[in-house]
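Residue numbers (this note's numbering), protein chains in the order written: chain X, 1 to 237; chain P, 238 to 483.
Simulated from the structure, these hints should not be mistaken for lab results.
The C-beta atom is built at its ideal place from N, Cα and C for all residues, glycine as well.
A hint or two may mislead.
Claimed, not checked - Using C-beta positions, here's what the derived DEER-type ranges look like:
id : chain 1 : residue 1 : chain 2 : residue 2 : range
1  : X       : Val222    : P       : His410    : 52 to 58 angstroms
2  : X       : Gly218    : P       : Thr446    : 48 to 54 angstroms
3  : P       : Asn279    : X       : Glu87     : 51 to 57 angstroms
4  : P       : Glu266    : X       : Ser236    : 22 to 28 angstroms
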Amino acid sequence: MSTKKRVSTFEHYKILLGKDLRREFRTREMLSTMGIYTLLVLVIFGIALMQTSAKIDIVQMSGGLFWALIVFTSLLGLNRSFAYEKEDGALEGVLLVPLDRSVIFLSKLTANFLLLIIVEAIAIPLFFLFFLSGVEMQPSLPLALAPLLVGTIGIAGVGTLLATITINTRGKDMLLALLFIPLVFPLLYACVSATTLAITGGDMLTGAYTAGLTLAIGYDVVMILVSWLLYDFVVSA
Amino acid sequence: MMTTASAITVQKMSKVFGQRKALDKVSFELPQGAFLSIFGPNGAGKTTLLRILSTLMRPSSGSAEVLGFDLKEKPGGLRNHIGFISHKPLLYLDLSAEENLLFAARLYGVEEPEQRVSELLAVVELTARRHDSVRTFSRGMTQRLSIARALVHDPQLVFLDEPYSGLDPHAVHIFDELLQKIREQESLERQRSFCMVSHDMDKGLDLATHLLILEKGKVVLFDQKDEIDRSDFVRHYHRSVGMGVA
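Next up, chain P with everything else stripped away, as it sits in the complex:
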């Protein structure tokens, strides 16, 4: 992996679906160790941006470097260093919790995968259900397991695509605690970065070090949280996102 001060550098990146521009010359730079919260109305291009940055989709034009890897040239190299938590768990529902994590750990080449899986199951408090099929899990339990799956290879950058979607309040609380625990643990060792798409303004604001608002595929606001007055941001947020549609 290349050493770089930026976790993400995006320059004039666009994505076109047929006649529609999902992203329109998006540019921003996120330092390592930062937590970026991305806001925007439905259809603003938030998920498209996350999918491109996580190599699940190719941009139509422009360039981006993630952890020093050029997205177009070296997407394979980058995949070893990123994790993805979505509202979809990215798990095989007919396999057990342990089988899902072992499957992912072995694909990533994690040394001593059994030990790593046991550690992660303990972190997400699913050790007692390790042999149960994921299909029998509640939404909250599945989401906790999907966090463990995303962290199995110890990624340096974690993408979160509406991770709170469909969670009940108790599951949200557990998820928050878990996220906090991961951030505290890992920041002692190195600068793990996060990039989250969320419809929950308060949650996104609380977690973030940096904020970004997308509107009709364009960046209308990007800054450090400390540089932005909260009430100004809330006003901006409601003007952009409050409309409900891009």
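In isolation and in its complexed conformation, chain X is listed as follows:
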């Protein structure tokens, strides 16, 4: 007969996160899908912008273009992050374990966040290469990392909750998009504003940049807290 010790919530978190990352780095299912999709979206954006006859201020549009790329790519990844949990009842196996079910949310959020960051690390240089290669870089550019980080956390958080809700539905891909985009709109609005300001080098420390970043941080705190609290109900339904 085997003996058991009490497992802390943090231990459960580490075990679940380790499983998600081990599986992903072995199969590269999400990373390769999101990476290729990123490249395709960049090419399509490039072709679309090349076709325009009028002169477009690409720098002013860059924040919006970049976040559109991140949202489309993350939707693809978020769906896949739960597809394998459903396969052969693996998630049910985890639900049978005596653990705080909100830990499943936190570990999945972390895994999705890390994978999105990896994809963004590939997407950012390509984005600059495609759209901003001839543009003079502003000293404020490094400040774009803050909305990038805060926005990615929010997308991973909300997306993880919604992916769990839609996992058992028919047409889950469409449903996730329909729920996700309206729900992350405030976050996107704030992040696009802050990112564009950082790229264009506007008056950084007044109004818009700080307001955008504050809104994004507030959104993350509220949405992740709500998701954490709701997760047991959602995953048990």
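Starting from the structure of chain X, add chain P where the hints point.
Same frame as chain X, now just chain P:
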């Protein structure tokens, strides 16, 4: 864990999905160490009953105690003491056999998980394939691994939801031997209980100490196997289950 003479006590438990009653005031009491076989036509509520008793689903009304734990009040406490074997293996197909068992063992807090995993892999005769991805396994091998996963934390009550589904005759034979081995080994140490949903009447009858037939969400028969005349049961079974639908 609380000490109790009953493995499962269910009182007037119902489960409603929209307008449909999947379970309708189900009541029964199963002693510890018993093997309950649950029969019934498709849609009778067998799997729903098992999912509620294993904390995967919440009942709409009524109450149930499993191993002394109230299902509504203390589902978390109960999870440490139950195992679940389904026709779905509850495994990550892209992880190896060993990784799957270690993952489960660590989540349950099993002491010396590596040693426990090695023991279980030997029991289910998968030691040679321990590093292989589960995706490369046959259905029978996957099912054997799912048994090991369900037993990794040494549960006192094991739920089996149509465990023979999709197995070829050879895999059925291995599964039977394995189940028998587990029952013989464990009964020497303590009273492990089993609760199985099956469409295979002969298999269910052979293994059971107690029998239960569900029909349209209601218990139409529950008794010890020894108290029931086999031919009477078979007649009852065919009248209820033979229809094919609830």
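Results of checking the hints against the structure:
no.	hint	verdict
1	Val222(X) <-> His410(P): 52 to 58 angstroms	holds (57 angstroms)
2	Gly218(X) <-> Thr446(P): 48 to 54 angstroms	violated (60 angstroms)
3	Asn279(P) <-> Glu87(X): 51 to 57 angstroms	violated (24 angstroms)
4	Glu266(P) <-> Ser236(X): 22 to 28 angstroms	holds (26 angstroms)
In summary, the structure is inconsistent with hints 2, 3 from the numbered list given earlier, while agreeing with the others.
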